[in-house]
Amino acid sequence: MNRRQTVAAIAGLGLTGGSLWVAQTGLPGMTSRSDTELPLRVETLDARGSTAGETLVPTPGTVTVVDLFATWCAPCDDQLEVLRAIRSEYDDVSFISVTNERPSETFTRADIAAWWNRNGGAWTVGLDPGSELLAAFGAGGLPYIAIVDEHGAIEFGHSGLAGTETLRDQLDPLV
Amino acid sequence: MQRRSFLRSAGACGAVTGLAGCLGSVGIGDSNPDVVLEEPERRFESSDVPYPAWGEPVPDTTVPAPLDSRDVRLRDIETPSLLTFFYSHCQTVCPVLISTQRNIQAHAKNNGYGDAVSFFPMTFDPARDTAQRLRTYAEEMNVDADSENWHFLRPASKQRAKAVVQDQFGVAFQRTDPEDMDMYMFTHAALTLLVNADGFVERAYRSKSPNEGTILADLQTVRTA
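Just so you know, the protein sequences line up as chains A and B, in that order.
Sequential numbering of the first sequence, starting at 1, is according to this note's numbering.
Sequential numbering of the second sequence, starting at 176, is according to this note's numbering.
Just so you know, the hints here were simulated from the structure itself, not pulled from any lab data.
Note that the coordinates shown come from a computational prediction; the quantities given were computed from them, not determined experimentally.
Just so it is clear, CB atoms sit at the ideal spot from N, CA and C, and this is done for glycine as well.
Any given hint might turn out to be false.
[What the hints assert, rightly or not] Residues of chain B placed beyond 12 Å of chain A at every Cβ, according to the derived structure:
#1 Leu242
#2 Thr254
#3 Arg335
#4 Ala372
#5 Gly388
[Claimed, not checked] One-sided and incomplete, this derived list gives chain B residues near chain A with beta-carbon spacing under 10 Å:
#6 Pro232
#7 Thr267
#8 Asn285
#9 Met316
Kindly generate the complete structure, drawing on both the sequences and the hints.
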């Protein structure tokens, strides 16, 4: 490749940097909110505060904090700690965390549950192996926090770590 | 197609087949016998972009696979394969690119076609991405690096990484020294390639977070064709 092509490559593909674990969505429209209808039914895990089965996300008729995470995403550990810190202040709010990791023979549901317990998770945790929730929320990175009101309207969406004050500011008017 | 790149394409094969014979093979026709998937909707030709794109052969290059203790010649791969380019200290795009490959690896294993697809994530940071580091990284990312179908590739030197990743695959990368970090990083382009068993690019996904469902569907079409 000659120099002109290299320059074109930089301009054409766009360079990526920064220090957040943000997964930018690539093509506008590929992950638009209209692609998938919420709520979505997801499989839930047997872990602390969670039982194996399935649940709708967001929780119908309830203000819901949806935390999209992956076990490889270091700031997702921190996000869990933030959620744990405020959860007791919002008894009427449903908290649910969902990973888009696909369980396999070598990385099982039990491994995800172990990560969950180790990081202090204490509410419903589920699986979204097809990344349908990410698409439905138009999530632009991990961690991704969405807050949905009791009518199912998405009131807040945030890529990257969301702090306690940010979450309180969003939740207080809804509850 | 731009005139300049048209001339470049025509020049490249005109000597062999003459201009008329060339047109079909540079993508002006609707189909290409070398690939299964139809040409993607886009406003350019494959020859206009620096990376190998739809219908083009994978670069003829050989790169060490340190965890397998062997060299891989990409044109010799006999299954459909997914290639991507990363470095393990990356905290932004690479974990997403790798986790997408990892989720597809899991899907293949779970659905009984694990031996019908291969994964070749190639680092462009050989200085830090040693075999041991790649093994640790695989564990962090929950990749089954011991599987027959997963092969980390590592050019032997910085110069070789430039030659292969940047010059042959058109994936630009540039070292940076962020003030808030105590190590160097890279800015880099994002590219995931789906290559068929004959060594031709079926799809070049340029997204920083490739759509897993799209790749799974494309892969199914390619491997069952």
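Structure-based check of each hint:
{"no.": "1", "hint": "Leu242", "result": "holds, 15 Å"}
{"no.": "2", "hint": "Thr254", "result": "holds, 19 Å"}
{"no.": "3", "hint": "Arg335", "result": "holds, 15 Å"}
{"no.": "4", "hint": "Ala372", "result": "holds, 24 Å"}
{"no.": "5", "hint": "Gly388", "result": "violated, 6 Å"}
{"no.": "6", "hint": "Pro232", "result": "violated, 15 Å"}
{"no.": "7", "hint": "Thr267", "result": "holds, 6 Å"}
{"no.": "8", "hint": "Asn285", "result": "holds, 6 Å"}
{"no.": "9", "hint": "Met316", "result": "holds, 5 Å"}
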